[in-house]
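Visitor: If you want the building blocks of each chain, they are given just below.
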Amino acid sequence: MTFLSTRVSTGLIALALAAACSSGKAPAINASNGESNSDNNGNNGLAPSCKPVNLGPLNGGQASGSEINPAPASVGADIPATYFGPPPSSVNPKLVGPVQLLKAGTVDLDKGTITLPFYKGRLGTTGKSVWFILTDTDDKENADALGLNFSAKLAYAYAPGTKATRTGTVANDGTITFDQGTVDFSPVRKIVPGATSPFPPAEAVAGSKGNADYSPLVKLTNAGGHTYNAPVLAFDVADDTLAGFCDNPPDKSLVHDRVVKICRGPGKSNNFTVTLALTTGFSFGRPIVYISTESNDPTTAALEGATFAPALLDVIVGRDDSAFSAIERLFAIANGPQNLSPNEVNPQRQGLNSAIADGRGPLNVFGGIPTIATDYSPLWDVNLGVWTADAIAKGYRSRVDEEFQILGLVTRGFLTGPGGKPFGSTGIIVNCPIVKRLL
Amino acid sequence: MSSSKSPFASAARLLASATLAAAALGATSARAQIENNPPPPSIGSDIPATYFGPAPSSVDKFLVGPLQLLTAGKVDLNAVTVTLPLYTGQLEDGRKVWSILTDTDDEANAEALGLNFSSKLTYAALCGTARHAVAELDGSLTFDVGKVDFSPERTITAGSPSAFPPKVANPGSVGDKNYTPLVVISNAGNHVYNAPMVAFDVSAEELNKSCDGNADHSKVHDKVVKICPRDGTVTLALTVGFSFSRPVLYLSTEANDAVVAALEGATLAPGLVNIPVGRDDSALSPVERIFVHTNGPANVNGEVNPQRQGLNSAITDGRGPLNVLGGIPTIATDYSPIWDVNLGEWTQEAIDKGYRSRMTDEFQILGMVVRGFLTGPGGKPYGSTGFVVNCPIVQRLL
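Just so you know, the sequences run in chain order A and B.
Count along the first sequence from 1, then add 680; that gives the number in this note's numbering.
Count along the second sequence from 1, then add 5; that gives the number in this note's numbering.
For reference, chain B alone in the conformation it holds in the complex (with noise of 0.2 Å):
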């Protein structure tokens, strides 16, 4: 789907004035806080935290407490940020492919390389949703179409009399029609590999200017906070979230839509606007649902409400939206690093009579919309809105 059919963008050109915002650039810069960020369990209690047990996760994985996912990284709580292995490629003509690794559909590498799993990627190697590439002997890949300009500057300006839909939003990187960061590897078992593109025809040398941060995001996507060749490292943003109430930390990527790629820090990945969608848990759907709100609670007076989510606050504040994803790996089975975005609207009503609140599970989401207090944009049924985006997770904190 084409940035120009996005209702988003038509809905913020049908804004007769609009105020200037800041930028919601929280996704690179705002996130020092983790806001959902669990207290410890002594709260309240009558002993000190060393007194209790270790977290229930530690002893299975499947049970609550933190858990890193994508351990092919080192996650750093502190800064919220995942340094990760670079991994370097080219095209055909030579050109620099600079990426990560993150989902696989082959369920034993993915646990050798610390990468999640997730056997929907098989369903989305579908015509041009996936680029192909070769393993070569240096281990490198050599990737037979897309590219990424990483040139453009990310704006985003607030819309009126509601911050979302923007006014204006522009991602600050954008991919040729063929770019997707999905990858099927003709040499290593036809597998599908989620492989987001970092930076695109830039020298080693060059990039090795931002080791120690200060990345230039003209040359590298806006996630990016430091970069390394010469330690063969990465080091990206996350954002927050929820899975089924959990909170948990995930890259943002790639989103198929000009404004949603905007809001989210991502790169605009024309490929993957033909990825089927709606279709959710059922055979050959690659998309596992993303619940994001347009109208949430905002702050009050300048403080974090403890209910806060959705658009409208994460281009007011600064901060993330909050979104809700569906299965992840260790909560569920259906996990996919490509989102379905589900779009909801609290109703007028719903906000009157006080039911709004910070949604944190996506089947409390889908009874909200069965009672009818939230719905699609502008009142119209609740679902796909079309847009995907490519978040691969990284981290339950609980």
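This is chain A alone, in the form it adopts within the complex (with noise of 0.2 Å):
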């Protein structure tokens, strides 16, 4: 952690840093099972704090939409819903309603997966596979006829001399060829729960790692210089052994802790699709799904079952919708409402104590995405809330789901940046291009 930038150093990295295990003890989470030594209760010894954690995101089955799916339109009125009009966003996409917006890929909400194309390309000092989904571009006609997000903003994630993106050039046989950036999948994911509350946690390893040079995000020169998001899942591993993580669960340390699943086809024998787990959360009050790939803090990519790319480094946040920005910010919020017993799921439940304790997701809120606003960039710059003694005290705490309903907040000072300061960027980005709006 010591190549952290200063930002990142005083925000929540240093949180937790202050953290510690008070046993001493680290009752690792494996990430490729969800299993730990822990007996049927739970209860494998060590103090409280420092139990198991289920990793809830990353298992494959949880129905990622089920905690925030809007409710039937129909209830409390008296009529049945298919005496309703269809959604007004089958009008216009943005009006309220369902939209797909990565229309590359096909969402199974029931899984909570999307399945995408799976990209083949190569890195050009070593030739090796290098496996990649594409999810955004600046390039607006080619992101709709390829069924991408458009981020206008990542034209400004490219700054030479920087590694904040890689270079890429197209084939003659349509695959890329990156100029640099390697990923090492074979660490195991584990968190460990702080002593006084879950975050900020005693330990927090991220599943996958970027070299120094690894960024998801690459330039190509000869396709007019647009940038891609192009997060790498697997790293120089052979097709047939790819093709064996269909029927099988997939060996997560040969690929990224999101994939639930990788197959061969359809048609010739070197098409693939992946299918990763998604993450809910809320875009100006929308429930959402989103991808997590990557994060430049190796406890964020932890807790987001994403890769560790330092390379993310380099892209400069707190400037939000300004000239140059290349992010988005993204606001999450460390003490959010937690459920008051495992048998009952609190409707205000949010934040990364609730993700750490209970397994399903921190319920992060978004800020522009496409059909909502003209500022989507898939680079979120963390906004780190916490609810102060005194909301929680008056009882003010709730789930909050829209930018400015929790900049409100700050303005009053019932949430606050870590340890009592002033709210805004904490430099840690995560890399999560939105899927799906739900409403």
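To be clear, the hints were calculated from the coordinates, so they are not data collected in a lab.
Idealized CB from N, CA, C, for every residue including glycine.
Heads up, a few of these hints could be off.
No farther apart than 30 Å at their CA atoms in a straight line, the calculated lysine-lysine pairs in the DSS-like style are these [said to hold, decoys possible]:
(1) A:Lys783 - B:Lys79
(2) B:Lys358 - A:Lys1074
(3) A:Lys948 - A:Lys791
(4) A:Lys774 - B:Lys79
(5) B:Lys66 - A:Lys774
(6) A:Lys791 - A:Lys774
(7) A:Lys783 - A:Lys889
(8) B:Lys172 - B:Lys79
Chain B is nowhere near these chain A residues, computed Cβ spacing over 12 Å in every case [said to hold, decoys possible]:
(9) Thr762
(10) Ala892
(11) Gly945
(12) Gly998
Make one complex out of these two single chains by using the hints.
Guide: Here it is as structure tokens:
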């Protein structure tokens, strides 16, 4: 963590470092199977704060949208849903209603996954295979044509002399040759809850780590110089090995922790699809699902089930929607409401304490996404909020789901940055391409 | 539905004792502060707001950001008012009818006039639910029926032990049995217009005395701040609420129930009693749902609770109830200014568990209903109360 910027060290990571597990033991969670060495009651003899946590967001089969799925419109009406007109979004995608934004893939809301084309490229210096997905680009027309998200801000992510964006060239066979960047998927993701509260965790290890040159962003020099978001999900792995992850669980030491399945086809034998676990959140009050693939902070990467990509430290944060800013703001809450018992999901639950403690998602709040705003970027500048003791004591704490609602609470002093510091960027970035609006 | 059938009124009568509270006249006087006004986007960023790009709504009205919807008028966000054209008309016997125009099912003329378009209004002209009028050569409207008595004084006495339902609630204006704000204009394509009456049988000279304010609410609608036939304008107080988590401002002009009309600072309009409710977005339904809470969070020790909401709060602290509207133009296709009041009550269990908070979105509310944390009044099934309020949307704040 020493390579992190000063900004980061004063933010989330400082909190993480400040936390220590009182028992000194580290009951790691194995991200591959989500199991620990606890007994059936979760009692492993360790201090309660050090008990293993369920790394929920990556558990295949959990309906990602279940907690935030909009209720049927017919609730409380005198007529069944069949008599309702179609959702307004079917008339205009900017109106309210479900809209798939990353149309390149097939979303399965029951399973909480998206299946996307899996692209194979190579690393120029070695020729090793680079397996990646495409999610976003600043090429508007090709974004439309390919079903990717358009993000004008990605044009600002490339800065010569920095590692924020790799470069690549398109070969005659349609593959991309990357100039640099490798990812090691062999680490085992683990999270040990903090002593006094689950967040910050006493220990958090990301399940994959990029080298100093790895960024999910690539500027294609012979494709109009446009920038694409191309997260790497496997590196230097043979086709046949990946094809084996269609009917059997993927080996997370070879692939990204969010991979649920990789299958050969359709068509030629070198065509593949990859199925990824989605995360739930909100944007301007609308429930959404998204992919979380990289972070420039190892603790955040561990929490997100993402790849630690230190090159993203070169992306400037804190300037939100101003000229040359490549990011959009994401609002994470440290100490949102938690479940009162394991048997009932608190309808107000939210935040990192909740996510670590109960294995569900943190329900982060996004700024602008396509069809709601003009300022979308898949690079999210993490603004971490902490409810003050005063707000909690007065009963003001609840789930928040909208940027300006949060900023209003900040203005009134009920939400602050960690440790009572001013609210704002932590310096931490997560790469989270938007997939779908549920409303 | 008559006021005598109101469960609000019935509940109020059951109250053994009631404490007199300050009348909840917030609808006209205490909305100077929009408590859900979005703060500057620069909060928590490293740059001042001047470096931010324009609001996305300035690029495309369907995107997030402030947007005036009722563009016929001029909104004053500091005063929380809208100033609209004042239309003159008359009954067939010649008595003056002073109105505003806010909505119509004539889409092209809605755009031309800066009114809200509502296709559902086509379904609102049923037996007795709309007046009929003829547009005269001088541009005035001659109405067939409908009178409003603006002389009553609006009074609200808080109930006990909770402020809602109120012990006493008298609206400040009462329409006759034929009065509805809706009108079918026979020589204007038979389109339906929303034309709330703001004064009746009063001369222009008398109303001109209120050109600079101090409107006489015994002669004009309680929402009127200024009225000026000389300038052809009327300034009305706005109400704050939400639609799909966006803070909004709207007018509240009529209700079909006396208690609701009193709470809203609106006219009791018996003509709206026969508007069919409960069918939301289905064929031939003229309404859209509005979600009102009885017992949302209240202020704590005099401090404005950022979660405050509901009728108990509104009666007690004089601020608005922060109702949640369903679809409005630019967010959905199903807007109607005639809102079908769905009244929600947080269960004791939800309150005890700390699940109660401000609601801002229809589906958030319906999710709470599905889980049993919000019910209808007294634990009854959640849904339409049978009450409708006429609340033309004016502006999205986000």
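Visitor: Each hint needs a verdict: does it hold in this structure or not?
Guide: Verification of the supplied hints:
no., hint, in the structure
1, A:Lys783 - B:Lys79, "violated, 41 Å"
2, B:Lys358 - A:Lys1074, "holds, 14 Å"
3, A:Lys948 - A:Lys791, "holds, 27 Å"
4, A:Lys774 - B:Lys79, "holds, 26 Å"
5, B:Lys66 - A:Lys774, "holds, 10 Å"
6, A:Lys791 - A:Lys774, "holds, 26 Å"
7, A:Lys783 - A:Lys889, "holds, 28 Å"
8, B:Lys172 - B:Lys79, "violated, 37 Å"
9, Thr762, "violated, 9 Å"
10, Ala892, "holds, 26 Å"
11, Gly945, "holds, 38 Å"
12, Gly998, "violated, 4 Å"
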